[in-house]
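J.: One-letter residues, chain by chain:
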Amino acid sequence: MGAAFNFTALKTIWIKECTRFLRIWVQTLVPPAITMTLYFVIFGSIVGERIGEMSGRPYMEFIVPGLIMMSVITNSYSNVASSFFSAKFQRNIEEMLVAPVSTPVIIAGYVGGGLARAMIVAVIVTCVSFAFVENVSINHLGILVLTVLLTSTLFSLAGLINAVYAKTFDDISIVPTFVLTPLTYLGGVFFSVSLLPGVWETIARVNPILYMVNAFRYGFLGVSDVNVGVALGVIVAFNLVFFVTAYTLLQRGVGIRS
Amino acid sequence: MKALSIKQLRKTYKGGFEALKGIDLEVEEGDFFALLGPNGAGKSTTIGIISSLVNKTSGEVNVFGYDLDTQLVDLKRQIGLVPQEFNFNQFETVRQIVVNQAGYYGVSRQVAHERAEHYLKQLGLWDKRDAAARMLSGGMKRRLMIARALLHEPRLLILDEPTAGVDIELRRSMWDYLEEINKQGITIILTTHYLEEAESLCRNIAIIDQGTIVENTSIKRLLATLNRETFILDLARDDDAALTPQLEGFTMRQVDEHTIEVEVEKSQGLNPVFEQLSAQKINVLSMRNKANRLEELFVDLVERGRAKQTTAGAK
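Residue numbers (the numbering used here), protein chains in the order written: chain X, 1 to 258; chain Z, 1001 to 1315.
Calculated directly from the structure, the hints in this document are not laboratory data. Glycine included, every Cβ here is placed at the ideal spot set by N, Cα and C. The reader is advised that the hints may include incorrect statements.
One-sided and incomplete, this derived list gives chain Z residues near chain X with beta-carbon spacing under 8 Å [as the list claims (entries may be wrong)]:
{"hint": "1", "residue": "1081"}
{"hint": "2", "residue": "1083"}
{"hint": "3", "residue": "1084"}
{"hint": "4", "residue": "1090"}
{"hint": "5", "residue": "1106"}
{"hint": "6", "residue": "1110"}
Here are a few chain X residues that sit away from chain Z, every Cβ distance over 12 Å (derived from the structure) [what the hints assert, rightly or not]:
{"hint": "7", "residue": "29"}
{"hint": "8", "residue": "33"}
{"hint": "9", "residue": "92"}
Dumping the calculated DSBU-like pairs for lysine-lysine here, alpha-carbon to alpha-carbon at most 30 Å [as the list claims (entries may be wrong)]:
{"hint": "10", "chain 1": "Z", "residue 1": "1266", "chain 2": "Z", "residue 2": "1007"}
{"hint": "11", "chain 1": "Z", "residue 1": "1128", "chain 2": "Z", "residue 2": "1141"}
{"hint": "12", "chain 1": "Z", "residue 1": "1021", "chain 2": "Z", "residue 2": "1007"}
{"hint": "13", "chain 1": "Z", "residue 1": "1128", "chain 2": "Z", "residue 2": "1220"}
{"hint": "14", "chain 1": "X", "residue 1": "167", "chain 2": "X", "residue 2": "88"}
{"hint": "15", "chain 1": "Z", "residue 1": "1128", "chain 2": "X", "residue 2": "11"}
{"hint": "16", "chain 1": "Z", "residue 1": "1290", "chain 2": "Z", "residue 2": "1266"}
{"hint": "17", "chain 1": "X", "residue 1": "11", "chain 2": "Z", "residue 2": "1141"}
{"hint": "18", "chain 1": "Z", "residue 1": "1141", "chain 2": "Z", "residue 2": "1007"}
{"hint": "19", "chain 1": "Z", "residue 1": "1007", "chain 2": "Z", "residue 2": "1183"}
{"hint": "20", "chain 1": "X", "residue 1": "167", "chain 2": "Z", "residue 2": "1121"}
{"hint": "21", "chain 1": "Z", "residue 1": "1308", "chain 2": "Z", "residue 2": "1266"}
{"hint": "22", "chain 1": "Z", "residue 1": "1183", "chain 2": "Z", "residue 2": "1128"}
{"hint": "23", "chain 1": "Z", "residue 1": "1021", "chain 2": "Z", "residue 2": "1002"}
{"hint": "24", "chain 1": "Z", "residue 1": "1021", "chain 2": "X", "residue 2": "88"}
{"hint": "25", "chain 1": "Z", "residue 1": "1183", "chain 2": "Z", "residue 2": "1220"}
{"hint": "26", "chain 1": "Z", "residue 1": "1014", "chain 2": "Z", "residue 2": "1266"}
{"hint": "27", "chain 1": "Z", "residue 1": "1183", "chain 2": "Z", "residue 2": "1021"}
{"hint": "28", "chain 1": "X", "residue 1": "167", "chain 2": "Z", "residue 2": "1141"}
{"hint": "29", "chain 1": "X", "residue 1": "88", "chain 2": "Z", "residue 2": "1141"}
{"hint": "30", "chain 1": "X", "residue 1": "88", "chain 2": "Z", "residue 2": "1128"}
{"hint": "31", "chain 1": "X", "residue 1": "11", "chain 2": "X", "residue 2": "88"}
{"hint": "32", "chain 1": "X", "residue 1": "11", "chain 2": "X", "residue 2": "167"}
{"hint": "33", "chain 1": "Z", "residue 1": "1220", "chain 2": "Z", "residue 2": "1290"}
{"hint": "34", "chain 1": "Z", "residue 1": "1183", "chain 2": "X", "residue 2": "11"}
{"hint": "35", "chain 1": "Z", "residue 1": "1220", "chain 2": "Z", "residue 2": "1002"}
{"hint": "36", "chain 1": "X", "residue 1": "88", "chain 2": "Z", "residue 2": "1014"}
Modelling step: build the complete structure from the supplied sequences, incorporating the hints.
T.: Dropping the structure here:
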């Protein structure tokens, strides 16, 4: 099948996905702005002033990259999970299944939708942070962009895998509530893992979100609890595993073909 | 050329239910073909496999020479599917639904918009192009699914009960439209519960029951096998005498004071009925078939098929 065909199909899925989350912008784009404003007010302004510095930076400045990454993770995940599950639930996924759209194009289209929403939310949260932080400097733009794109792709793929297995709407909220949120909170968004006592620091380093938050923080502030090369390697490895999983599931028709 | 060729197609669902027990089916290019069967007979499974929504257990499927196993992409391009249930995103607009569907087939957005205008106008949906699909009436939703299936200009259109729940006027206009596109060269496979629909639209027919094809022939040939029909006659007398018709050589049942049901063998013809009634000074005001002719055959074939399977099972 030609590249032009694949590009048209990919563009169609991507436009459809973007149209979907933009149509319901009050549900998709406004809540992250409100939530992150509250985080900045409570953890940054009120609690942060008493904390002082973290990793040699004012606490408010320290949490900015983590909060942006937190928004990126939750929005990438929930966008793809809810969109793909709704398509399954309403059976309009069949529109794609009867057409000659290849599995990688379907995956890329949905991931593209997740990326678009996550990037818009990241810009919104960054703008919100300007109201609280005087100097938002960028230490390494390349690492910053690469980390945010890879992380968003990773969680878009994870959301897709969740939606493939989900049978009810409850099933797509279980992972964010019981897995994603705890891992994000323990992933160094609000603190440096070097503050954790011995064994807890070792445990914390098993959490993949720690590597994403720190690589992103390095891109912003130039500080990180982990080696940035290792962090990027971990993110790429997870991306590969999740892509192969999503591809295998869709190719076999798990949850979508009888 | 064969538009569709199915050989020994089998489908066993998880849990062991055998929906298709090795069916063979061929549909010629340009045909208007009816696939009939009672609920749960295997019609939707067959259509699901052809359109790759259902994984087959074994067997071969070819569409215009393209093999389902080895040339899936080319095969999919040939088919337009109108499923039984509404399966579009209810929150998208009519135009978004059809344009997106074309995009999945690699049709550029500009061409898709042009075709969308053409088909939506033909199907009377152009005024609703920017309305959300959920705001459409049932009949409009059915027509939207036909427009969506046609946008990539398939050679084979498969319609799974397209007129279910559609009022008579709209059903007739859909029949006209389907006949028109069939004349333009699109092969059509139709499943329906309205046997009148199959009789008036289709040239060839397959009847499927319990996962096996019990009949596969032309509608004309099938109707020629009908030996007996039941007619309902509305009667009246010129005088005030009681209406007590007598028909020798026919099985007759008086439904009410002015209506009778008469079973007529093909060899008998209707003339003797009219002659006898006329001799009794009874006028026939109107006459109609008790059931659709195809319906009588359908019931008969399905019953015979089941009896055959029961006998084979007992052996």
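J.: Need the list of violated hint numbers for this structure, in ascending order.
T.: 3, 6, 9, 10, 13, 18, 20, 26, 27 and 34
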